[in-house]
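Please build the complex by placing chains B and C on the supplied structure of chain A, with the hints as guidance.
In order, the protein sequences belong to chains A, B and C. Reminder that position 50 of the first sequence reads as 39 in the numbering used here, one-by-one numbering, no gaps. Reminder that position 142 of the second sequence reads as 325 in the numbering used here, one-by-one numbering, no gaps. Reminder that position 10 of the third sequence reads as 12 in the numbering used here, one-by-one numbering, no gaps.
Mixed in with the good hints, there may be bad ones.
Unchecked claim - List of simulated lysine-lysine pairs, DSS-like, C-alpha gap at most 25 Å: (1) C:Lys902 to C:Lys652; (2) C:Lys144 to C:Lys410; (3) C:Lys687 to C:Lys116; (4) A:Lys51 to C:Lys902; (5) C:Lys753 to A:Lys146; (6) C:Lys76 to C:Lys116.
Calculated from the structure, these hints are not laboratory results.
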Amino acid sequence: MTTSAPELPDFAPKLRLTQSHADVTRDVVATLQTPSRGYYMLLFGAVALFLVGLLTFLVLVKDGLGHAGYNPPVMWSVYITTFVFWVGIGHAGTLISAILFLFRSPWRTAVYRATEAMTVFAVMTAGLFPIIHIGRQWIFYWLLPYPNARYLWPNFKSPLIWDVFAISTYLTVSTLFLIFGLIPDVAAVRDRVKGWRKFIYGQLSLGWQGTDTQWRHYSRAYLYMAALATPLVLSVHSVVSWDFASSIVPGWHGTIFAPYFVAGAIYSGIGMVLTLLIPLRKALRIEHMITDYHFDNLSKLTLLTGTILFYAYAMEYFVAWYSGNTFEQTTFFRRAFGPMWWAGWTMIICNAFVSQLLWFRKIRTNLTSLFVISIFINIGMWFERYVIIVSSLSNDYVPWAWDNMNPTWADWGILAGSFGWFGMYFLLFARTFPIVAIQEIKEMIPMPRRRAGGGHH
Amino acid sequence: MTRRLALFVGGAAVAGIAGVMAFGAPSRAQQAGPAVADSIASTYLAASDTADLRGPRQPIFFRHDLHAGQFKMQCQYCHYSVNVSPEPGIPSVETCMGCHAIVAGSDSGGRAEIRKLRQAWSEKKPIEWVRVHFLPRHVHFPHQVHVGAMGPNACATCHGDVSRMPQVFKVNNVNNMGWCISCHVERQVTRDCTACHY
Amino acid sequence: MADEGPTQTLDRRKFLTVLGVTGGGAVALSGCSTSKVEKLVPYLVQSEDQVPGVPTWYASTCTECAGGCGVHVKTREGRAIKLEGNPDHPVNRGKLCSRGQASLQGLYNPGRIKSPMLRSGDSFAEISWDDAIARLATEVNKAAGRVAVLSGAGPGTFSDLLADWTSAAGGTMVRWEPIGHEPIRAASRAVFGIDEVPSHNFADARYIVSFGADFLDGWLSPMEDQRGFAASHGFDGDSARFVSFSPRRDLTGLNADEWHAVAPGSEALVALAMANVIGGAGAAGGSLSAYTPEAVAAQAGIPAASIVRVARAFAAARPSLAVAGGAGNQTRGAVELATAVHILNSVAGNVGRTVLFGSGPTLGDGYEGLARLMGAMDANQVGLLLVHDANPVYALPKSAGFAQRLAKVPFKVCTSLYLDETAAACDLLLPNHHALERWDDARPRPGVVGLMQPVMEPVFQTRHTGDVLLQASQKAGGALARFSAPSYETHLKDAWRSRATGDFDTFWIEALARGGIYPDASADGGSAAATASAPAAGTPALTAALPAFDGDGEFVLAPYPHPFLHDGRGSNRPWLLENPDPVTKLTWHSWIELSTATAERLDIRRGEIVRLISPHGELEAPAFPYPGLHDDVIAAPLGFGHTQYGQFAKDRGTNPLDLVGPPGNATFIPYVSTRVRLEKTGRFKELATTEGNPRQLGRGIAEAMPLDAARRGLTVRQAYIEAGHGKHEINTELEMEAIQGWRDETIEARKLGNYATEHPAWGMAIDLSRCTGCSACVTACYAENNIPTVGEDDVIRGREMTWIRIERYWEDPAPAAHGALDEAGGEHAAEGVTHGHPEARFIPMLCQHCENAPCEPVCPVYAAYHTADGLNGQVYNRCVGTRYCSNNCPYKVRYFNWYKYNERSWPEPLHLQLNPDVTVRGRGVMEKCTFCVQRIRGAQHQARVENRALRDGEFTTACAQACPSDAIVFGDMRDPDSRVAQIRSNPRGYHVLEDTNVRPAVTYLAKVLHPAEA
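Pulled out of the complex, with its shape left as it was, chain A reads as follows (with noise of 0.2 Å):
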């Protein structure tokens, strides 16, 4: 069938859909169909990762804690810098999903539904280290609040506790967030497939028809739900800052925390949407929807939240200067100049230099550059956390008990873990569902004006 070039809604110039509904249709649910072999080549690394996690953790709670590399005074290290780097990479799924919907930049609509998964399978894999990382990891549920014949109850006044309710709720929201705007794309689905697969389809679409009341309930819920979602981003990240702002470690006990981590959550979880989002599209042939327009935009939020950590790093410094306070004076040379100087530097460089490279438009529109650039932000903000939680431990108030610590393989073993697991999941479901929302691209698509014999749809 023929279209004329449709009239573009005027708010997005850059948009130039030139399919069809039933196109967009067609090329989405392809990518749902028989597999390349480099998916299942990817899929088996990400299980094999997840399987050497698995062993790792097994281990781990067979002898202990002991086969990691703690060294006290460094109490936590790789786990709960991980712990921390996913929860990040969370937020940049709820940001374009929710708030940019709010916002109604059009932009989004081609990439919300990946970086929503990743937010979904992110915040799965942060919530697994709170276990890994306890000493008696069979009974972590001591941290939830239930009634026991022991009059026990958890410290509400404890920021780990506060973790648990904020990690918990965000699961729950993001995964709600997904599923419900997964609903029409799902029916979608349902109406091309045959056998089993469109019974599960059927199912998971919820009876969806399509019809105008279904339609009006459901862009109002889609909306509430945004609006519910939204606070997310900002409170989730300032709550897992806490667990260090609110202790007495110098270099952890500062009241930028909030924001600082909330910026640089977003900034790790674009990074991480950028490493994902560029060999996806590739990969499952759907370059003509996500389009350099979409990487432009993507980098320049980077370039925004990089800018702010930038400001936040020398934030710190000026602060521990200012303050006249010695012990963050000391942590803060030693971050700098002691034995993790090495750590320190690679944060500062990945992180808030780096970034600065994309104010240039080529690099932006680069896919190659900007992917570099993407891997450069992941290692830099894993090692952000890595350096304020281990350096910060590593010399605080006593001398005496200064120490270093040096991951091992029992580190190593959870960290790779922890990217087979959210591999999986997110190449799984890369599988499964439609990965780029196909009504909200038809939307994009002006009603083709009606011609005797026109095409239907």
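Just chains B and C, lined up with the frame of chain A:
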């Protein structure tokens, strides 16, 4: 030395009473509470009658219901350290022999059990009782303080009315912290963790 | 208590087989341990001195060194679980050093020989005692007069019996201690004509000068000397000055107010020069004229001026005290050194006042005796050698060739408890009882006789050597037949009858209860009452010159006795291996020390493995650059490098004695007599140290103040301001408001639940002017609280569990600048490399039980919380192990169970040492100092039962109980009359990290610094 002497003297005395009571047992048993009436119908229960008794079977079928119940022996007579030590003290075989050097039992079954005891004594083998009540290792329960604070029926509060048990069983789930804490709350005494956990 | 009837002992053994029924400590913490059915096994016969759940105390005598301290042994359910000092005993007054406390790990050591053994080929085969004794008897007869006995046992009824028995068997006995202080005796003979080692009254000395006498590392009578030193040097209105002349700064040297790194061997010259200054050239028969400060200064390498100054001050202060003669300074000139110091003391008129004859330790035949024995062995005059309580194969330099000589002896018998190097070379092993398992006595010095009694059934099938000798004598017959006592116990009693006054049985029981007979301890801190005369000094021929050293190496090797392992007898005890050496803070492995200047010159880094080569051998060990060392000296601790001696000691590190030459015809072992060459290997080892950054970075952790400021009763801050430092405001106005707000809140909170009623507030005060860093408190804490030893690998990863640790900071002579960045842990500071002669500051660091504890609010499950009586509670079974509390603890005194230490730290039968009153922590939980809450609760329960209030000083924590310097005081701060409350109000008092407003319950009293003398 003096202590050992006392054991024998006291033992002989109790033994006398025991002998008398043993014969008077059945009649007294009629008045005993219905719950245990038939259980102490005779001073001895054949293994068959005791099959349905609760609690673990002990190497010697020692009957608290006779010693503490009918003969009205003080708990402290055997559990000698209960009011001076965190540990109640399990009677030494010597303590048992204090009486049973003289008391041989009133009927065949009783004699059989007492024979086991005398054998253990002659073979210098301590008796390995099966433990009924015990706390986790990380709990410290000072018996002496509780006995002191709670007075006469302190023991029964946790162990139940042992004087009516042919075979001791766990009445209260004492190794559950809920049991301890509810009592401490009720009596408004300390709820400090380090009162018991250290 | 005295009555050990046969049936009773039998039952104790029976009971031991079912330990764990009441021995709660012996089983690991586990949430679900309630499910498994257990047996209750009662005593067969209720022993009269054992009440389950209540400890029984026995008095005994410590046999770990010649000091002969009196101990109280705490037993529970028939097993010893802790050793504490006997408060009545004149030698140690209730105090006990690490080595003494670790005697418990000697008792339960897995390395003990479990039954008699006979050599078969290269290994040993178990045999029965009857068989063993029969063999001994026949061998003794076979040897026919060619019997020799080498015994390390201190003087006492047993060694009398042994000597008697040996002569009856037609042989000779030699009593030999590796570090026997022979030079001092020789000097006493030369100067005073007394064949004796004096005792020293440190308490009365107003000025102390040490020429390498390591009286705080376990010299003559460690507890007595340390107590005396603390009394005179600790600040109590005034403080005696302590000057040290020595090539190496050992723990004693680190406590000196002034240290002079003299050239090895030149100490004698310095002492004589001082005597010269004091007495004038004419003193001591004019023999001093040659030793002018100027002449000596050049050889000693220190300015003549300081010799003169110290000499003048030394003479001015009366009485003063000069001591000399540690093994670590034992050069070929050791006798001359001791002579010189005797002269110095007599010139200064100290003999009879601080140097006391007639009360010194009774010592053996010394190396002379051993040399005689070795001569006899060479001449094949020894047919049977019985080695008792000695390990010459290890403790002598290899070059002395004892092992080769031993091989020549046809039949060798050893009664050692452990399979040590000597035992491994013998033919018949007759393992003796441990001191806590046997009847025995000891005469550490005139007027003091300590008794030992079995406090429990033997752990293994060992037998008292006394009984073995008696039984063997009966079998052997002949001249030995006269040893007819039925048992050593009766023999001992018979030997004691002469001492009895009145009815023997009463006397005996009283003696047992007191742990021996001795004069009542007088109130003053001085040494045991000694009726000492002041013998006149003779005029010995003085030939003091720099002693000779073998070899032509660049450095003089100075092997020194390890403060805990001593000559190596301590190295099979995990407590002593894990408790860091107070000076270097190294654990578990051997090392060599070289001065920081030398290290920089040769570019040798910390932990770099170096090779030492002497004419007699070579060894490799990691290097430890140490600021307290003469540049030409390399020091190395004795005690490592065992080739036998159980799983803990075997193949651990290297032994510096391998490099030392043979004593030759010396009458003592000249430990410091070899020059060594040093080679780099380019390899490194990560040192198992507990030291982080040894600089305080001006954070005021271990505070100190000048003597005069302390005299005038200034506070630490006032002293700082006087010293010209800025007025350091701790908190700003706003902070103070916040703090006040918090105060009000806590006061409100105190009106709730448990907290409403009146409670004590437990607190502690630690006087840094008394603390010498000896670390006895650390060992006591390990013993009391079932603290696991984690081993070398985990110490390297900073995972040691010392609830109380001794931090050793280096301070430059000039007070450290305030502000952090100047010294902010540049790596070289972290390596402890400091130039000049830094001042060492020791501070015991333990949980401060903060009123405003940062660890409490962050615990998600309330495992860390504040008790009503002011403790910072830690509930192990509630802890899930998030470790946030440790992150948030400014003092870093919380320790985590990274592995299942509870399963691996106490290999059988070591687990029998566990304290049943304290939960053994499982894997994955946090633990820390509890202020010995089990003792608090125990005392409260007792008071409850007796229906009375707690009395101050009725109980105390393990660390305070053990502290030989009485630096630690514990009690109820809310009781104004309590000792702790009074000490806390001392102007020297301060809190560590006060700025953080955590309001610690531990108050430290600042150390007092002596000014540089003009």
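Verification of the supplied hints:
1. C:Lys902 to C:Lys652: 24 Å, holds
2. C:Lys144 to C:Lys410: Given pair C:Lys144, C:Lys410 holds - Cα atoms ~16 Å apart, limit 25 Å.
3. C:Lys687 to C:Lys116: 36 Å, violated
4. A:Lys51 to C:Lys902: 9 Å, holds
5. C:Lys753 to A:Lys146: Roughly 19 Å between the alpha carbons, so the hint for C:Lys753 and A:Lys146 holds.
6. C:Lys76 to C:Lys116: Measuring from Cα to Cα gives roughly 24 Å; hence the hint holds.
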